[in-house]
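Peer 1: Residue strings, one per chain:
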Amino acid sequence: MKNSKMYLSTETMNLGFVRKVEALSGSSVRRCFQCGKCSAGCPMRTFMEHPPNRIVRLLQLGQWERVLAGRSIWYCASCETCSTRCPNKVDLAAIMDALRKLSWDANGPSKESYVQLANRLFIENIKTYGRQYEMRLAAVFNIKSGQFMKDFLLGPKLLTKGKLKVFHQKNRNIGEIEQIFSRIEEMRKKGEAP
Amino acid sequence: MKNVLNYSYYPGCSLHASAKEYDESTKGVFKALRIGLNEVPDWFCCGATPAHNVDELLSLSLCAKNLSLADNVEGDLAVACAACFSRLKTAQHRLTENDIKRKQVETAIAGAVSLEKPVKHLLEILAKDYGLDRLADAVKKPLNGLKVATYYGCLLTRPPDVPELDCCEAPTIMENVIAATGAEPVAWSHRLECCGANFTLSRPGVVLNLSNAILASAKRAGADCIMVACPLCHGNLDIRQKEIEEANGTRYGMPVFYMTQLLGLAVGVPAGKLGLDSMIVNPLPLLKEKGLV
Amino acid sequence: MHAEKQKHDFEPKIVAFVCTWCTYAGADLAGTSRMQYPSNVRVLKFPCTGRIDPVFILRAFQRGADGVLVSGCHPGDCHYMAGNLHARRRFAAFRGLLDFVGVDLNRLQFSWVSAAEGGKWVDVVTELTERIRAMGPMEEFKALETEECWSGALATPELQEAYKAI
Amino acid sequence: MSRIGVFVCHCGENISRTVDVERVAAEIGKLPGVALATDYKYMCSDPGQGLLKKAVAEHKLDGLVVAACSPRMHEKTFRNAAKAAGLNPFLCEMANIREHCSWVHEDREEATAKAIDIVRLMVERVKKDKALQPITVPITKRALVIGGGIAGIQAALDIADCGHQVLLVEREPSIGGHMAQLSETFPTLDCSQCIMTPKMVDVANHPNIKLYTWSEIEHVDGYIGNFQVTIRKKARSVDMDKCTGCGICMAKCPQKNIKSKFDCGLGTRPAIYVPFPQAVPNTPVIDRENCTYFKSGKCGVCAKVCGPGAVDYDQQDELITEPVGAIVVATGFELYSIAEKPKGSSIKGYGEFGHGTIPDVIDGMTFERLASASGPTGGKILRPSDGREPKQVVFVQCVGSRAREKGISYCSKVCCMYTAKHTMLYKHKVHDGQAYVFFMDARTPGKSYDEFWRRAVEEEEAVYIRGMVSRLYQKGDKIVVMGSDVLVGVQVEIEADLVVLATAVQPRQGADSLAQKLGISYDTYNFYSEAHAKLKPVECATAGIYLAGACQGPKDIPDTVSQASAAAAKVMTLFSRDQLEREPIVARVNERNCVACFSCKKVCPYGAVEEKEIRDRQGNLIRVVAYVNPGVCGGCGTCQATCPSKSVELDGYTDEQVMAMIEAL
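Protein chains in written order, with our numbering: chain A, 1 to 194; chain B, 1 to 293; chain C, 1 to 166; chain D, 1 to 665.
Simulated from the structure, these hints should not be mistaken for laboratory data. One or more hints might be untrue.
In silico DSSO-like cross-links for lysine-lysine, where the CA-CA straight-line distance does not exceed 27 angstroms [what the hints assert, rightly or not]:
hint	chain 1	residue 1	chain 2	residue 2
1	D	341	D	475
2	B	103	A	189
3	D	478	B	219
4	D	341	B	128
5	D	478	C	120
Let the sequences and hints guide you as you build the complete structure.
Peer 2: Right, dumping it as structure tokens:
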């Protein structure tokens, strides 16, 4: 699909999607004039198939499938270099957040599963324990991603340095976190929140 | 002088685990400088990058919850971790500006959003509230001769309108703080580049690549060590340094200190209370060479 | 992106007293730039905000205005050098009087809009309209209207008579 | 009963698209006193005006309302039409239903209702309108030109050649402005100084031009045809009448290492100096901040070596007041600086480009000085840091321009062309060097302009990279340029020896305070505003003041010269008459009501209020009243709003007229 011809018409340009991105990110997409300064400074550019400026260009043309199908959005490191230097105040980091959310809600049509998995586990950890426990996060990530040997040598080293907590407990007030999660879910069910 | 500075404290998840030496040394330095530090009880994870990556509302709600918990503790909120600092500040900023989001968050946390409490990074507290002159006066063992590459990373100063810590492109606050101890900050090119951050778990290859450039730049500038103010940066530059060296066929042996570890040495916190033994790249040869331990 | 057109129960009447050099020109610029704003405002043009007599504002309220906007050049930019500064002083005193007689000061707004600030004009008008809409109609002065009978003319026989007597 | 005619214009579709003009005419026709209400496609057209004239005669109209565009657009047109129809022009008013209605509202119902209101208000006003007679004032046929760059020089020469006296005021010690600093000019690559200096000499020798260099405008009073300008002639410390321009003072001055502003800090000059050898006048100035004599009281070498004894350390600033009839403002531009800007300024510098701390990152004007044969390097391209010849030069366009995040969203217009020129000049001087240009768009409209740019790419082999630069940093003696090529979609990194930034064109510092002195308007960037973007591009909204050159917006030399000549033509049009008719919007005092409190006199910004004595036939003083001099009154009306006894009336904006409108709300 990457190089297939774009047939542009009001039907093929999903501008509703673009408006959703603009509403979620609070940043205009149309304002971008494709100077490429974002791509010039992006530390993750070499890992992406579409450079950041092209993501915005595809959005301007309403090509949401091309945007979400790629792994570019999942390789954004949220370092905000693009947003900081954009001559047009396009908050590309926020647009990336919005795109990831939309992809996430659509159950991730994107190809980048590792980053998604890590994010999912991170959030699940918050929901369960209230805080982050890196040991658990890493272990579960390795099991779920099937990379049992990943960072195998680092683990013991960190353990001896006291950097990994093997035992952890839930926050005393963990109920409050659970409620935050359930209230957000409820709002979304009622269509009161994005 | 009487102890006038008093802060509530949000350490963040990492400071209770992989960055416990940051926590330990922060407490040590604040005690030595007679600055009060009271940890917010029962704080939650701020959501860090993964939460805002896919769910802004969750991210804002977690931060708002933490801010309201912090309201119960006296004093401006001191934050050590650059990522937590960035999230909490961003939440304050967004929620002040956007009524719709604020209402959603108020529903989510079932309470009012409180945005008044100033959120301050340790650097700001030391450089502005405590003051560079006082800091210099408090130095017992000057770090003379130590060349330090001050590494800001991405989150400490960005985006430009939010952290208000320093100029986002040409900050000087870290240099000013470390120069107060007598150490010599080096001019180097990669102090604001990204280290790969949270890809350390999902895509470590990215980190090996980006962090290598940072280490190389620090080496090129003639630095003895790197100073950071963020556990993620520390994780990538210190814990993965050996891997980076192997992957790139180089050798750095560059100790990566938390800012409070170096400050602690200077203001006379006993070396044993700074968690120096927790560092993966052993700093002792360097410190011995410079006569600092 | 056009906002959905909403129908409201109450459409306030807003009167804007503006100077011809800055704010009137700024409103013209909003027009030539095809910006959109609520249609509630009626613009009265003056050479300068310095010409605007507080009586006009009172009368506008009596004649059914729910909100009044007075807008001129930024301080220092007055076409007549200092007219807007005199206006500023005058209205600072006048606000106190208006407050005293019980007019909610939120109904009266002063602003500086230059000839280059079409966008600001739109913002000021939109915000004021929304605010007044939320406040509801201005009833306080309409009652007085029936008792008031100033014709606006100065050369009335009564006045003539009075001056002769001086 | 009035007989008012109302004409509602469709303005093609501009009004009728959202306003139901027929309904407006029908509703207004029902108002008492309206004798005729009709609509027409284009009221401003010849047939439209004809319709109006015919109606005045046919319906015996005594007042007109034209509901169309803004009065700022066509009030004059319709008032002239009214006059031609035999009606006093001040009985004709415009109701603005285009800019204030049809263009800003979408809902047809709402817009029509509003249009009816707007027209109704105007009808009520016209009922109270009074016939006014124009006021005539004499014209002082002398012009003031502010700024001695190419714009000011051109305007001054044109006006002077026409036989009128011109005062040319320049802030710097010499005229010449930026054009004197340039090396060669696009698209012909002729030497800037070669075409500029003869013009400067013409100014110096012109019998009709009075030159005030090292001078600034202190204060401006009056109005079109009758301005009083106060000029501050700063102390030069050198007597211009005695100095022969021999230059020995400069040669002997012991203070030699002051950075030359003219050479963008690349070269040095003494404390007593002319900015450049071809300066006009060729009389030096003592820079008191850096002069040893002024700092310590010792030295005095220049005075000792000066044969004619022209050096005068005791000279003081002088204030000179001159009457003029017209003013041409030609204050030009300056380049945006990437250095950190003070807090509170809406314009930010470029931290990502080092905030100006990397010595081999320079701006376009500095490159001009490097390339200029009369520059500090004698025309050799050498790096400021170590004097080496750069082999890889990176040019970056749109630095500050088109960057709303930095506070400027406009295009600076000249950078595309001068960057192309720079790549050529560089290639001509460094044959084995390579020029790279990061650009967003190449904007080269103009005669032979696009061909020029293409020549830079195709023949001079400049590598143009379509993309921007994220960051610059020093690495050893190189500057690393982190850019991207959006056409290929990859990042680009170049290790450059020299980086040239095409920084934005901004108005001069202090442009706003000069505008406040002149009473002219300026935009958010401090560029001066013309009266109409298309039809009055050189006039200010303030009558008698005209604009030339980059003070009005970024411009290249040909555009600047054209505008300067246009401004001069406007001045000459004004001077072709002996008297001027001006709008009779002036204040009048009702002497019977005046209680002589003189509150009006206190607030009048023009000093137009005088104290008038009223005497009886025997000459005994009865009382004193206020009197407004109609020649001086500017027509702001502040006196009227201030008068406690309501004894002043501003014609055209009387209480009666205003109240009529408020009553009709």
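Peer 1: Does each hint hold? Answer for all of them.
Peer 2: How the hints compare with the structure:
1. Taking the CA atoms of residue 341/D and residue 475/D, the gap is about 25 angstroms. The hint holds against a cut of 27 angstroms.
2. Restraint check: the Cα-Cα separation between residue 103/B and residue 189/A comes to about 16 angstroms, which is no more than 27 angstroms; the hinted pair holds.
3. Between residue 478/D and residue 219/B the alpha-carbon distance is near 17 angstroms, which keeps this suggested pair within the 27 angstroms criterion.
4. For the given pair, residue 341/D sits about 21 angstroms from residue 128/B by alpha-carbon distance, which is consistent with the 27 angstroms threshold.
5. At most 27 angstroms may separate the alpha-carbon atoms for a hinted pair to count; residue 478/D and residue 120/C exceed this at roughly 46 angstroms.
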